[in-house]
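Going down the list, the protein sequences come from chains F and R. Residue 375 in our numbering sits at position 256 of the first sequence, with consecutive numbering throughout. Residue 182 in our numbering sits at position 143 of the second sequence, with consecutive numbering throughout.
Keep in mind the hints are simulated off the structure, nothing from the lab. Because the structure is a prediction, the values reported are computed rather than measured. Possibly wrong hints are sitting among the right ones.
Computed cross-link-like contacts, DSSO-like style, restricted to lysine-lysine with a CA-CA straight-line distance of at most 27 Å [to be verified]: (1) F:Lys272 x R:Lys246; (2) F:Lys228 x R:Lys287; (3) F:Lys227 x R:Lys246; (4) F:Lys353 x F:Lys428; (5) F:Lys353 x F:Lys387.
To spell it out: a stretch of chain R is covered by chain F in this simulated footprint if at least three of its residues, at any positions, have a beta carbon under 8 Å from a beta carbon of chain F; those stretches are [unchecked claim]: (6) 234–244; (7) 286–293.
Ideal Cβ positions, reconstructed from N, Cα and C, are used throughout, including at glycine.
Each chain, written out:
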Amino acid sequence: MENISVELRHVTKAFGEVHAVRDLTLQVQPGSFLTLLGPSGCGKTTTLRMIGGFERPSAGEIFILGKTIAYESSTQRQTNMVFQDYALFPHKTVGQNIGFGLKMRGVKKAEIGKRVREMLDLINLSDVYDRMPHQLSGGQQQRVALARALILKPPVLLLDEPLGALDAKIRKQLQLELKQLQSELGITFIYVTHDQEEAMTMSDTIGIMNDGRLEQLDTPEKIYGDPQTLFVAKFVGECNIFEGRIRSEHPDIVDFEDNRGQIFKLKKDSLESAPVGKQASLVVRPEDIQVADAARKCVNRIQGRVEEKLYSGSIVRLVVDREGEKIMVDAHKGIAVSPPELIEIGWNPDAGSIIL
Amino acid sequence: MPDQSSFKIEKMVKFRNFPPIRFFVGILPISLWEIIFFMLPVLLIFIVSFLIVKELRLVFQWTLANYTDIFSKTPYWVAYVRSFRLALTAVVLSAVLAYPLAYAIAFVVPARFRRLLMVAMILPFWTNYLIRAYSWQIILANNGLFNEILKVLNIIETPISILYTHVATEVGFTHFYMVLMTMLLYSSMDAINRNLMEAARDLGAGKLRTFFEIIFPLSLPGLIVGSIFVFIMSFGDFVAPSILGGGKKPVFTQMVVDEIQGTVNLSMASALAVIMVVTILIVLILFLRRVESITAGSSTG
């Protein structure tokens with residue numbers, strides 16, 4: 120038990136008729152960065168609030184360091200929360216805000232002052248001790264909120280879309296700082312966001328949630344490269360989905376036949392079993408598809424007409440029409456094709472993944 | 040911290056700065072209204088208070104006699120202190136009663152009943168003030184509802200005289216102005232971000248400490264503004280003291296009325312009125328400063 124920081128066992132939360140979280144089971148390793156990612160209303164915030172002790176699960180159990188959590192406010196709490204809107208006490212100075220938790224624990228004034236200054240140094244805001252929260256910028260307020268939660272040295276820190284209200288540049292910078300801080304302090308972070316890019320950059324593990332269920336719990340690489348459900352494939356990044364069935368199975372390779380009867384080969388390693396004949400979807404990321412000359416060497420090839428060519432900085436997005444089916448392809452910006460040219464696109468067996 | 044002191048100075052300058060005249064052009068209609076029906080009459084009263092009345096006529100002869108009279112004669116002072124004390128008591132009573140009520144509406148009652156409760160509370164406020172005062176007469180009289188109930192319950196044998204004492208005045212004040220206090224308290228409590236309470240709880244504060252550390256300080260602006268309202272209304276009220284309190288122990292407003300109706304001494308009445316206005320202004324300035332400092336978040340113990 121002790122090598123698990125947070126554990127949820129079959130946790131369900133219902134608000135009246137609405138199920139916010141359904142039968143959620145997961146484990147978080149100590150010192151790791153878990154992100155719960157999903158669209159709004161998927162139950163990620165409710166899950167976080169249950170771990171924080173703000174909501175009681177309707178069913179199931181939650182353990183923190185092997186102990187069930189305390190719902191009553193007390194100094195026994197094992198987690199601290201960073202709120203989406205920071206929730207800084209507007210009538211208290213920055214120093215009083217950060218020192219609040221220590222004050223509640225009856226720590227002596229001098230000691231509080233010392234530790235607050237240490238925290239302020241840690242978040243690079245040493246000169247705002249006597250300021251009021253409203254005198255700070257959004258990014259500074261966010262750091263103060265973080266310091267206020269971290270000063271209690273919780274084994275688990277909960278963060279509810281903490282960067283949601285900030286503009287893109289500060290956001291990127293704070294993402295980096297948060298990640299560094301987390302690895303420095305070795306605290307378990309449970310982070311909630313709907314921003315997939317943010318989740319990808321920061322997390323050790325991502326839990327994708329949809330409609331109250333945990334769709335997939337994996338490393339960012341696996342989530343992106345080997346999605347287990349269609350929802351995950353569509354939610355994280357962009358993808359082309361071919362509907363069809365599994366045609367046949369070979370030692371390393373699986374043959375997938377799409378609804379038009381074309382056969383695509385792909386590597387079997389991501390599939391535990393390949394039930395022949397079963398309906399399935401083939402997911403191919405736009406950047407895994409080759410165009411023109413490079414496509415000719417690929418195992419899986421498709422003919423199509425370039426319908427659109429959209430520039431987005433370093434790459435161009437081609438929309439290729441395959442008799443009514445649109446396929447997105449990301450190519451190098453120097454690519455010499457233009458609509459309505461007929462081209463060949465293709466990918467190799469290690470690119471796609473099958474979702475049963 | 041040079042940063043902070045410059046911030047404070049900037050704020051003080053702002054506070055003292057009178058807006059430029061062009062600012063008032065857009066609000067000219069309402070400004071005119073204010074000037075004609077408020078500022079001019081007040082100015083008139085101010086001027087008249089320095090004149091004297093001879094044989095029921097105002098005589099243009101500048102004097103401080105009215106003021107020296109007021110400051111030297113005890114009945115005026117007694118009435119002034121009585122008014123002040125009654126108004127302060129009304130503030131305390133309505134705060135003590137309104138605070139739990141506002142708290143309950145803001146934090147305990149489910150959201151869907153909140154509006155209903157507010158309406159239920161405001162409704163009596165829309166009935167005529169005189170009618171409400173006379174209703175209290177019926178309740179508080181020696182053979183009134185209150186005494187009758189106590190008699191039926193065998194708690195008393197002879198009625199307690201409440202009506203025509205300042206206890207009745209206080210009942211009136213508190214009933215009439217508590218609504219204001221409750222609404223102002225409620226609005227400042229309702230504005231408190233609920234996450235603040237969760238944050239306090241998250242950091243280990245119990246219910247009581249959350250109240251004293253978070254809710255109470257953040258509801259102070261409502262409490263102070265409410266107190267100002269209740270004070271001003273009670274201090275300047277003439278109806279409750281006359282209808283419920285009787286005239287035996289006159290309050291300051293009754294002295295004003297007496298000067299007009301009884302001795303027809305307009306200048307004396309004006310001088311009394313000026314003293315009332317000045318009192319209210321002082322209270323207003325003292326308390327509003329406090330509110331300013333709280334809402335700016337620069338001082339709370």
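These are the hints, each one checked on the structure:
For the proposed pair lysine 272 of chain F and lysine 246 of chain R, the alpha carbon gap of about 23 Å is at most 27 Å, so the pair holds. Pair hint lysine 228 of chain F plus lysine 287 of chain R does not hold up; C-alpha atoms about 57 Å apart against a cutoff of 27 Å. Between the alpha carbons of lysine 227 of chain F and lysine 246 of chain R the distance comes to roughly 22 Å, so the proposed pair stays at or under 27 Å and holds. Straight-line distance between C-alpha atoms of lysine 353 of chain F and lysine 428 of chain F comes to about 22 Å, which keeps the hinted pair within the 27 Å bound.
A distance of roughly 21 Å separates the Cα atoms of lysine 353 of chain F and lysine 387 of chain F; the hinted pair therefore holds under the 27 Å criterion. Three residues within the 8 Å Cβ limit are the bar, and the region 234–244 of chain R against chain F gives 10, so the coverage statement holds. Coverage of a stretch by a chain is defined here by at least three residues with a beta carbon nearer than 8 Å to that chain's beta carbons; for the region 286–293 of chain R and chain F the count is 0, and the condition is violated.
The structure fails hints 2, 7 (numbered hints given earlier, in ascending order).
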